[in-house]
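Start from the sequences, fold in the hints, and give me the full structure.
Residue numbers (numbering that gives the first Met the number 0), protein chains in the order written: chain A, 0 to 420; chain B, 0 to 310.
Check each hint, because a few of them may be wrong.
What the hints assert, rightly or not - Not the full set, but computed from the structure, chain A residues with beta-carbon under 8 angstroms of chain B:
no., residue
1, Phe26
2, Gly30
3, His49
4, Ser61
5, Glu124
6, Arg125
7, Ala285
8, Ala287
9, Pro356
Stated by the list, open to error - In silico SDA-like pairs for lysine to any residue, Cα to Cα no more than 25 angstroms straight-line:
no., chain 1, residue 1, chain 2, residue 2
10, B, Lys109, B, Thr267
11, B, Lys56, A, Phe138
12, B, Lys143, A, Pro208
13, B, Lys56, A, Phe132
Please keep in mind that the hints were generated in silico from the structure rather than gathered at the bench.
Only a predicted model underlies this, so the values are computations on that prediction, with no experimental measurement involved.
Built from N, CA and C at the ideal position, the CB exists for glycine as well.
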Amino acid sequence: MITAARNYTRFLARCFRCLFEGDWRYFLWVGLLTAVCSLGLNAYSKQIVHGLATTGMTDQVSWGVYIANFTFLVGVAAAAVMLVIPVYVYHNEDLHDLVIFGELLAVAAILMCLAFVTVDLGRPERFWHLIPFVGKFNFPGSMLSWDVIVLNGYLALNVYICGYLLYCRYRNVKPSKWFYIPFVFVGIGWAISIHTVTAFLYVGLGGRPFWNSAIVGPRFIASAFTAGPAIIIIALQIIRRFSSYEVRDKALMTLRSIVQVSMLINLFLLANEVFKEFYTDSLHVASAKYLFFGLHGHNALVPWIWTAISLNCIAMTLLAMPLTKRSLLWLDVACVMAIVGIWIEKGMGLVVPGFIPSPLGEIVEYLPTWNETLVCLGIWAFGLLAYTFFLRMSVPILNGRLNQTNEPGGESQQSGAKNAT
Amino acid sequence: MIANRPPESRDSISRRSFLRGSTAAAAGVAAMAAGLAPLRKLGEAISVDEFLQQHYKELKPEDMDKVLRRIEGEVERQYGVRPHVRDYKPMNGVEYVYALNLTRCVGCRKCVHACVAENNQSRDPAIQYIQVIKMPNGTFDMEKGDAHYAPESVPEKGFFYMPVQCHQCKNPPCTKVCPVKATWTEPDGITVIDYNWCIGCRYCEAACPYFARRFNFSEPTIPKDQINPEMSYLGNQPRHKGVMEKCHFCIQRTRVGRYPACLEVCPTGSRKFGNILDPNSEVAHILREKRVFVLKEEVGTLPRFFYYFDV
Chain A
0 MITAARNYTR FLARCFRCLF EGDWRYFLWV GLLTAVCSLG LNAYSKQIVH
50 GLATTGMTDQ VSWGVYIANF TFLVGVAAAA VMLVIPVYVY HNEDLHDLVI
100 FGELLAVAAI LMCLAFVTVD LGRPERFWHL IPFVGKFNFP GSMLSWDVIV
150 LNGYLALNVY ICGYLLYCRY RNVKPSKWFY IPFVFVGIGW AISIHTVTAF
200 LYVGLGGRPF WNSAIVGPRF IASAFTAGPA IIIIALQIIR RFSSYEVRDK
250 ALMTLRSIVQ VSMLINLFLL ANEVFKEFYT DSLHVASAKY LFFGLHGHNA
300 LVPWIWTAIS LNCIAMTLLA MPLTKRSLLW LDVACVMAIV GIWIEKGMGL
350 VVPGFIPSPL GEIVEYLPTW NETLVCLGIW AFGLLAYTFF LRMSVPILNG
400 RLNQTNEPGG ESQQSGAKNA T
Chain B
0 MIANRPPESR DSISRRSFLR GSTAAAAGVA AMAAGLAPLR KLGEAISVDE
50 FLQQHYKELK PEDMDKVLRR IEGEVERQYG VRPHVRDYKP MNGVEYVYAL
100 NLTRCVGCRK CVHACVAENN QSRDPAIQYI QVIKMPNGTF DMEKGDAHYA
150 PESVPEKGFF YMPVQCHQCK NPPCTKVCPV KATWTEPDGI TVIDYNWCIG
200 CRYCEAACPY FARRFNFSEP TIPKDQINPE MSYLGNQPRH KGVMEKCHFC
250 IQRTRVGRYP ACLEVCPTGS RKFGNILDPN SEVAHILREK RVFVLKEEVG
300 TLPRFFYYFD V
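Dropping the structure here:
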């Protein structure tokens, strides 16, 4: 037991050490992210001192870019299952070793989600009121309490699965199926749940007709399964470029088909929504009108949403063409377009119009402040930093450079050799 | 198979690189710490008692007493006025209902300002619980209304005025969504907020179909000479930044048998308030006899705030 604990501590220490090793490009990248993180922290400190008045939010538009980014990133986290399902349900071998990169991305995304909701709180020091049995948890009444459970649960699941698989690889032992396969399958359902619950957060509000629509849930899932795998396509190429880890094109192509189908479904669902709103043309169309065409001369979101729709449509066309199968460059272009398009569409494009017009018919527009934007950038930098660190630790383990047999000190070398045999 | 190089040399390279890495890490931590500099401007730190204070419903009478004394001390330090902060309990056999006469209301907004004065609302930024909407005759489409009208005199011809405040719903969407039960409906029908428990997520504000809730985006300011020292814990105790507030039917007045401030000040007698469980009350009479309606009935909130017409 003690030996096991000591081995594990040594494993963690060695992983931690990996973070401090690298060439100048690595340090430049990490340094840059740290600098942006510090700027974000600085902006958040100002927000703590002066309150949320440092943001562009008002009583009329009481959620802004924080919750928009949160919503988008929950989708990115959920999309890790798009690697898990092909591997564990359909036994796709091309993606097998890449699952872990998807799950680590999910971990980084959930960390960002938690940061985004925290900065949105007016009283962050009272977070403990949200802890079940310690505070006063409104479960199952509040969808936000469901969100707390599913997000933290998903984080724990992914940390556990990644940690277990990596540690097995490190010790060069075969992972015991009972220790992780059940968790993988729970994780598949759980991933769908985090995004469904996040959708229900909005869907459940009868006083906001723009959100109070059954299609929001399916749209969330479809857009998540577009943007998430698109991010993974880009991430995998970066991994293979800057590390010795081999990622085969075939894996990227499998992901391409996922992005392709999801984007089609996403746009189809959008069309459904647009039809329902505008053909019915009831008073409830006001928010959609504001979003797509502007309302009574207020049209802050109009250029954004049309940019998003154009990006999504072009991305879909590109993905439908064999061009993106032959050329990775074009695939990347399509992926970046899809990511940006969906970030706009389901971030600001979903959150802000829900508030406009206000329930009493007032139109107050929302524009994030500079301080608010810095906080967001800080959190994104923090997430990228986390993902960079995760990769820094996991790539050497996965390609065998970091394992128990090459631990400094002879004793473990022997035990490692034993394990290997 | 893994280490082509002899382990020693590989290790010494990594040690050098590790040292460089540690230096960089130290610089990174220093940058983060520097980022936190604005926190030095944070005024009075939150006391341990305040931080650990339990939910309203968990406080035993002696705990509540301590909390109330602490709040009195805080208010005195901040505003130089010694207040009486009390925790008024609901009366048995009472369910409050509000009725507003749209035929009579002239849109003078006296209720808005009486409410602000009574309930210690922030003057800057201005927080108001009541919003009066000027509606053109012939429609109830709120989008056609104007909450920011400012003519020489009211009422203007061709318009009617519709004050909106918390409707104290029987099926409130706001309390349902609160993740920490910081807002709930009391037995007398008033939906209250524990300002000392609210985490400031603003989910209730998004859920409310009547735009009744207000958030303290910054620390409220109230001139010292305008503080109302008769305070209640769930009602008009001064709020701090980062929490939600709203109309609570003047809990500090109504629970001792007085009328809400907005009703008392109304020059036209448009506002009626009382106990619906008492068949002889004015509101019971109105609900029986007048043409009464509730706002946005289709959202199913079952408001305790009714509008009616005289004729």
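Each hint tested on the structure:
1. Phe26: Cβ of Phe26 of chain A sits 6 angstroms from chain B, so the hint holds.
2. Gly30: holds, 7 angstroms
3. His49: holds, 6 angstroms
4. Ser61: holds, 4 angstroms
5. Glu124: holds, 6 angstroms
6. Arg125: holds, 5 angstroms
7. Ala285: holds, 6 angstroms
8. Ala287: With a minimum Cβ separation of about 14 angstroms from chain B (threshold 8 angstroms), the hint on Ala287 of chain A is violated.
9. Pro356: holds, 6 angstroms
10. B:Lys109 <-> B:Thr267: Holds, at about 10 angstroms.
11. B:Lys56 <-> A:Phe138: Holds - the C-alpha atoms of Phe138 of chain A and Lys56 of chain B are around 17 angstroms apart, at most 25 angstroms.
12. B:Lys143 <-> A:Pro208: Holds, because 18 angstroms separates the two Cα atoms, which is no more than 25 angstroms.
13. B:Lys56 <-> A:Phe132: With Cα atoms ~15 angstroms apart, Lys56 of chain B and Phe132 of chain A stay inside 25 angstroms; holds.
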